[in-house]
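K.L.:
The lines below spell out each chain.
Number of protein chains: 2
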Amino acid sequence: MASDETMSDGVQFFEGVEKLLEIWFTTSDCNGKASDLRKIPRSKLESLLKIVRCEIISFVKNEQIDAYVLSESSMFVSKSRFILKTCGTTTPLLCLQPLLLLAEQYAGFTEVEDLFYSRKSYKRPDLQVSPHQHFDQEVALLDSLFPDGVAYCLGAVNRDCWYLYTLNPLPQRHPQIPGLSTTDADQTLEILMTDLDPDVMAIFTKVECLNGTEATKKAGIDKIIPNMTIDDFLFEPCGYSMNGVSKNGYYMTIHITPEPDFSYVSFETNVPVSSYKEIIGRVLDTFLPGKFTVTVFNNQLSPTKDTSKELLCLNQFGNRWDRRDIQQISFKNYDLMYAFYTKFPS
Amino acid sequence: MASDETMSDGVQFFEGVEKLLEIWFTTSDCNGKASDLRKIPRSKLESLLKIVRCEIISFVKNEQIDAYVLSESSMFVSKSRFILKTCGTTTPLLCLQPLLLLAEQYAGFTEVEDLFYSRKSYKRPDLQVSPHQHFDQEVALLDSLFPDGVAYCLGAVNRDCWYLYTLNPLPQRHPQIPGLSTTDADQTLEILMTDLDPDVMAIFTKVECLNGTEATKKAGIDKIIPNMTIDDFLFEPCGYSMNGVSKNGYYMTIHITPEPDFSYVSFETNVPVSSYKEIIGRVLDTFLPGKFTVTVFNNQLSPTKDTSKELLCLNQFGNRWDRRDIQQISFKNYDLMYAFYTKFPS
Chain A
1 MASDETMSDG
11 VQFFEGVEKL
21 LEIWFTTSDC
31 NGKASDLRKI
41 PRSKLESLLK
51 IVRCEIISFV
61 KNEQIDAYVL
71 SESSMFVSKS
81 RFILKTCGTT
91 TPLLCLQPLL
101 LLAEQYAGFT
111 EVEDLFYSRK
121 SYKRPDLQVS
131 PHQHFDQEVA
141 LLDSLFPDGV
151 AYCLGAVNRD
161 CWYLYTLNPL
171 PQRHPQIPGL
181 STTDADQTLE
191 ILMTDLDPDV
201 MAIFTKVECL
211 NGTEATKKAG
221 IDKIIPNMTI
231 DDFLFEPCGY
241 SMNGVSKNGY
251 YMTIHITPEP
261 DFSYVSFETN
271 VPVSSYKEII
281 GRVLDTFLPG
291 KFTVTVFNNQ
301 LSPTKDTSKE
311 LLCLNQFGNR
321 WDRRDIQQIS
331 FKNYDLMYAF
341 YTKFPS
Chain B
1 MASDETMSDG
11 VQFFEGVEKL
21 LEIWFTTSDC
31 NGKASDLRKI
41 PRSKLESLLK
51 IVRCEIISFV
61 KNEQIDAYVL
71 SESSMFVSKS
81 RFILKTCGTT
91 TPLLCLQPLL
101 LLAEQYAGFT
111 EVEDLFYSRK
121 SYKRPDLQVS
131 PHQHFDQEVA
141 LLDSLFPDGV
151 AYCLGAVNRD
161 CWYLYTLNPL
171 PQRHPQIPGL
181 STTDADQTLE
191 ILMTDLDPDV
201 MAIFTKVECL
211 NGTEATKKAG
221 IDKIIPNMTI
231 DDFLFEPCGY
241 SMNGVSKNGY
251 YMTIHITPEP
261 DFSYVSFETN
271 VPVSSYKEII
281 GRVLDTFLPG
291 KFTVTVFNNQ
301 LSPTKDTSKE
311 LLCLNQFGNR
321 WDRRDIQQIS
331 FKNYDLMYAF
341 YTKFPS
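For the protein sequence lines, the chains are A and B, in the order given. Last residue of the first sequence: 346 in our numbering, with the numbers rising by one and none dropped. Last residue of the second sequence: 346 in our numbering, with the numbers rising by one and none dropped.
Hints should not be assumed to be uniformly reliable.
[As the list claims (entries may be wrong)] If we take Cβ atoms under 8 Å as the criterion, some of the chain A residues that face chain B in the derived model are:
#: 1; residue: Ala151
#: 2; residue: Gln328
#: 3; residue: Ser330
Don't read these hints as lab results, they were simulated from the structure. Don't be surprised by glycine CBs; every beta carbon is placed ideally from N, CA and C.
The following block holds chain A by itself, in its conformation from the complex:
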């Protein structure tokens, strides 16, 4: 999404596919209400991102959430939730141990309540850096830190697929701590798109737009979820990132690698709606992908839990995309739906 990387074979390539790390912290301390990840000093976050091989390039915040645009994608920091989404050849899992230390030292969090590490299969896994070259490597690192970790592969392992690592402790070993985040509704929609419409992708180049704001308007990104405070960035010579934040800590984030040979767009949000079907429709109409995956996480309190049922009934999306795969997993606190679509005729 940011700058191109030149490969040893002389071909320009950039891996748009992000590694997405989301951690929910908690504490057994009775003073836990004062715990807040936003107490971690900015300089410490910057050092953390050096380990990941990226840096902060823009920042907005509101009362609930700090939103950073990075040289490779985004970071969101709330009271008890940390989200790091990084593309290219970044190494987010290498910052995990230092992050746990910072969360304890500065934010007062002694425990990881839940963790989600996920990514799509890369276009060029051979270009990744350890421990991100293979899911088995990533799982081995995570297993060394989390005894209750479980790893999944959704979708066809010999085609496009999507990897997830999360925690699945036995209920009796993990008593509910009153007053903390698991009692709130929570949901996340992610749409990962490839083979996108070249005319749409051209918007996200310095040839066609001066800056992020112009690209956001021209593509209609500001209309996907209205009333968001938008922080957008157009890279030189091409590539685009945006974070949007609204009240109650809701966010959206879009990252675009526009080059025709390896075009990639990711969309993510946690806004609560009765179904994500309409938002998915607006995202698809905006970017016109050749292929895309949809993942929806929701806990039992979330209003979005009908999305899976709706998508399960549809063999096609919007008359233009055939469903090739649909899978559901039920975890202790979350239900997850994964679906994969290709443009008709594919």
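Could you slot chain B onto chain A? The hints should help.
P.N.:
Coordinates of chain B only, in the frame set by chain A:
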């Protein structure tokens, strides 16, 4: 299940986990009604099984199905469906090409309509023979034969999991051929159990029983699905296999590796009932496993399609087993549910 294998480190071990291959054949020939896999001569099936590294040790049949007990598990041959289930270090995928040739040459089938290759994760993958040492190897072989093949891993890839390879052609490239098997109800229940009750396992040794019939009665296997014609076999010094067949081509099959260090029992049936919950309960009460996976395949016409809904609502099975995983996949013709349970407290 058959005889023990002695390992290079001097420890006795036998891999009970089976590789399960199920193929549905069809033909575009207008004389397709005469096509029948049971026209393949026995001598040809015996040669085929040599490639797989096992042999026929017993046989029953009725009008709809030929059921073979093998030195390593079972084989079922119907008009258009071939099932080969083999444990130990057998190599069933190596017989795939010769089988396709036999199906054309003797049975009149020119096309594979559907294919399912599945297995649980092995206890000792290091002892397997190529191409069965790693799922990636198996997928590579299958991909070389089937352009529409899709491979899945269900359950946690870093714990107990279950692999599946099947075909997922685009609808328009695979028109329905009238009068053939996809228009019938079809379903399969499989329960794969490990860490079984030692007292139950002792039944399946020559110390405690004289022959298969005595073991079948003593364990109560004949009561799991009544009114089956049973062909059972007790191995020397231990291990047990049984096939049961009934009208309309329904079957059940059980294979038991009783040794405490690597105990394993598999149960499989295609009988149509409104829910598999009761049969699952009887199987668990019979064998008392420490852990087990349940998989249910059903097509849209199957009466068993409520099983998934019932199991989805239950965090436990029979008050004794905690559910650790539940996943669902929807294919073009089949829905699949996978669930994994461990004994409480695990």
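K.L.:
Of the hints stated earlier, which fail here?
P.N.:
As far as the earlier hints go, not one is violated by this structure.
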